[in-house]
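Student: Sequence:
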Amino acid sequence: MTLSADERVAQVSKARSVLEDMISDPLEATLILGSGLGGLVETIKPENVMEYRQIPGFAISTAPSHAGRLIIGELGGRRVGIMQGRMHLYEGWSPIDIALPIRVLRTLGATRLVVTNAAGALNTDFDPGDVMQISDHINLTGQNPLIGPHDDRLGLRFPDMSDAYDSRIQAICQSCFNNDGIPLQRGIYAGITGPSLETSAERRFIRQLGGDVVGMSTVMEVIAAKQAGFEVAGLSAITNKADGGADQQPDTIEEVLAYSAVAGDKILRVLPSLLRAWDQDKKADPA
-11 MTLSADERVA QVSKARSVLE DMISDPLEAT LILGSGLGGL VETIKPENVM
39 EYRQIPGFAI STAPSHAGRL IIGELGGRRV GIMQGRMHLY EGWSPIDIAL
89 PIRVLRTLGA TRLVVTNAAG ALNTDFDPGD VMQISDHINL TGQNPLIGPH
139 DDRLGLRFPD MSDAYDSRIQ AICQSCFNND GIPLQRGIYA GITGPSLETS
189 AERRFIRQLG GDVVGMSTVM EVIAAKQAGF EVAGLSAITN KADGGADQQP
239 DTIEEVLAYS AVAGDKILRV LPSLLRAWDQ DKKADPA
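Under this note's numbering, read the sequence shown as residues -11 to 275, first letter to last.
Rather than coming from a laboratory, the hints here were simulated on the basis of the structure.
Among the clues, some could well be false.
[To be verified] When the alpha-carbon atoms are kept at most 20 Å apart in a straight line, the in silico EDC-like pairs for lysine to aspartate or glutamate are as follows:
#  : residue 1 : residue 2
1  : K2        : D113
2  : K254      : E190
3  : K254      : D235
4  : K229      : D140
5  : K2        : D13
6  : K229      : D113
7  : K2        : D168
8  : K33       : D(-6)
9  : K33       : E16
10 : K33       : E242
11 : K254      : D139
12 : K254      : E62
13 : K229      : E242
14 : K33       : E79
15 : K33       : E(-5)
16 : K254      : E30
17 : K254      : D115
18 : K2        : D115
19 : K229      : E190
20 : K33       : D13
21 : K2        : E39
22 : K229      : D239
23 : K229      : E219
[Unchecked claim] Label-pair ranges, simulated between beta-carbon atoms:
#  : residue 1 : residue 2 : range
24 : D267      : D139      : 35 to 43 Å
25 : G233      : D(-6)     : 27 to 35 Å
26 : P147      : P14       : 38 to 46 Å
27 : T99       : G136      : 22 to 30 Å
No residue lacks a Cβ here, since even glycine has one placed at the ideal position from N, Cα and C.
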């Protein structure tokens, strides 16, 4: 069912009204945790925790390791809204369903988004357990959360995506990883629908298109975030070799989650300093 523009705005307002009652002050940033990265929440002291099913309009996460909770707390001295788990197209949710939490959290004050995911390495220079900074993405899903009736209250009808993962923030992120002595790869994320993993031929094809990693999330969220006015940083946890070569090995969810945790530990070490540096850089910007 296609929602009208008024219905989309009303959906955001209804969820916001519920969440406003659980937060004491506006949020500064939003963090989306991908597969195997949910353990990051153990490092913060939550102010409030709410199951997605308690928030009007929020879809329920069904993917492995996705708890489906919104956690309000503090990280790096910044007030954050942490999505412990996300929604995916392969679960049957629509792009609009996936975009809703992003739009709601923007109305609660958040202007910065750190999106994380688990991804397979198309680039043979990447190894499982590496962290890759997303410099750009390729949308291979054939879908977009902005399709349909539009209302300017949601943002621009035709948002510019030429700098989707803000280059200024990429430089800050690289500096933070360098300061912590953690290697950081850099590349392009290719988004597919899943849930079947790619064939070897598809992996070779996506690599030829320019993809460095491939995954089943992130793209819908980032499109909605740029329309809403977020600055975006993207980090991929490399979970497996997915180059489609002659020695391509079968992938298992157990290995994916294990390597997600390895890369997640690295991301966790940097996140507090990233949020602080992001904020300081913003304050120093005369614009």
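Student: Taken at face value, is the distance from the CA of E62 to the CA of K254 at most 20 Å?
Tutor: Satisfied, since the Cα-Cα distance of roughly 19 Å is no more than 20 Å.
Student: Is it true that the CA of K2 sits at most 20 Å from the CA of D13?
Tutor: The hint holds at about 18 Å.
Student: Within a Cα-Cα threshold of 20 Å, do K33 and E(-5) meet the stated pairing?
Tutor: Roughly 35 Å separates the two Cα atoms, so the pair is violated.
Student: Between K254 and D115, is the straight-line Cα distance small enough, at 20 Å or below?
Tutor: holds, 14 Å
Student: Would you mind confirming whether the straight-line C-alpha gap from K33 to E79 stays at or under 20 Å?
Tutor: Violated, at roughly 30 Å.
Student: Regarding the pair K33 and E242, is the alpha-carbon distance no greater than 20 Å?
Tutor: Judged against 20 Å, a Cα distance of about 28 Å means the pair is violated.
Student: Starting from K254, check that the Cα of D139 is at most 20 Å away, please.
Tutor: Violated - the C-alpha atoms of D139 and K254 are around 40 Å apart, more than 20 Å.
Student: Are the Cα atoms of K33 and E16 separated by 20 Å or less?
Tutor: holds, 16 Å
Student: Quickly compare the C-alpha distance for K229 and E219 to 20 Å and report which way the hint goes.
Tutor: violated, 30 Å
Student: Are the Cα atoms of K229 and E190 separated by 20 Å or less?
Tutor: holds, 14 Å
Student: Can the restraint linking K254 and E190 be considered satisfied, given a maximum Cα separation of 20 Å?
Tutor: violated, 30 Å
Student: Straight-line Cα separation of K2 and E39 no greater than 20 Å?
Tutor: The given pair, whose Cα atoms are some 16 Å apart, holds under the 20 Å limit.
Of the numbered hints given earlier, the model fails hints 1, 2, 3, 4, 7, 8, 10, 11, 14, 15, 18, 23, 24, 25, 26; all others are met.
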